[in-house]
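Q: Start from chain A and add chain B according to the hints.
Chains A and B, in that order, give the protein sequences. According to my numbering, the residues represented by the first sequence are 1 to 115, in order. According to my numbering, the residues represented by the second sequence are 1 to 93, in order.
Simulated from the structure, these hints should not be mistaken for lab results. Cβ coordinates follow ideal geometry from the N, Cα and C atoms, glycine included. Mixed in with the good hints, there may be bad ones.
What the hints assert, rightly or not - Partial chain A-side listing against chain B, Cβ under 7 Å, derived:
#: 1; residue: Ser28
#: 2; residue: Val77
#: 3; residue: Phe80
#: 4; residue: Thr88
#: 5; residue: Leu91
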Amino acid sequence: MMTDLPVWAAAVVSFLLVVAGFFALTGSVGLLRLRDFYSRIHAPTLANTLAAFCLVVSILITASFVQHRFVAHSLLVSFFLIITSPVTAMLLMRAAIKRQLRHDLKERNEAPEQG
Amino acid sequence: MNQVLFIASSFALTCFVLGMVIAVYRMGTGPTMADRVLALDTMYINGMLILLTLGLRFNSPLYFDIALLICIFGFVGSVAMAKFLLRGEVIEP
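Same shape as in the complex, but just chain A (with noise of 0.2 Å):
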């Protein structure tokens, strides 16, 4: 299990646990509450990225305690995720975008023809 820490070490530690898994708790509510894709993109994005971030910050400290050195490569999902993680959101917006375009385009091309 957990060794022991410092207080103040497990302090932070906890603290940060306790907002990242808050922050995933929002993206998470935004996507099942908001009303339509476009607004409903932007929760899970923004908060996952956050609560990674709390995250790996807390197992950063966790590791440098416990090996007695900097262990910093932690940082790495963090960094991969701030990078990967716009263009996913991007790509799925442009993705939505055409695909209500074409939808309507095709109903409007269909309407003359039934009226």
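A: Then chain B, alone, in the frame of chain A:
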């Protein structure tokens, strides 16, 4: 003080699991296809966070490598699916 850390990591794990459940619900009932891809994106990031928290609790470095692999391959999968929604094929000639 270890007890506080245990409770905090349990709270974080609960939040991540709830986020995964919500993402699965949105993936099942998403009105559009882009919603489902976004829910899958949220789900793999939540799974990655669960693995990182387990690595912190069990104090093992193995979980970190798995989390990094999930991060990379999840990104590739999300981009492939978004590209498929955009054009109708993943790799264009």
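Q: Indicate, hint by hint, whether the structure satisfies it.
A: Here is how each hint holds up against the structure:
1. Ser28: holds, 3 Å
2. Val77: Result: holds, 6 Å to nearest chain B Cβ.
3. Phe80: With a closest approach of 6 Å, the A/Phe80 hint holds.
4. Thr88: Holds - the Cβ of A/Thr88 comes within 7 Å of chain B, reaching about 5 Å at its closest.
5. Leu91: The hint holds - A/Leu91 has a Cβ within 7 Å of chain B, the shortest such distance being about 4 Å.
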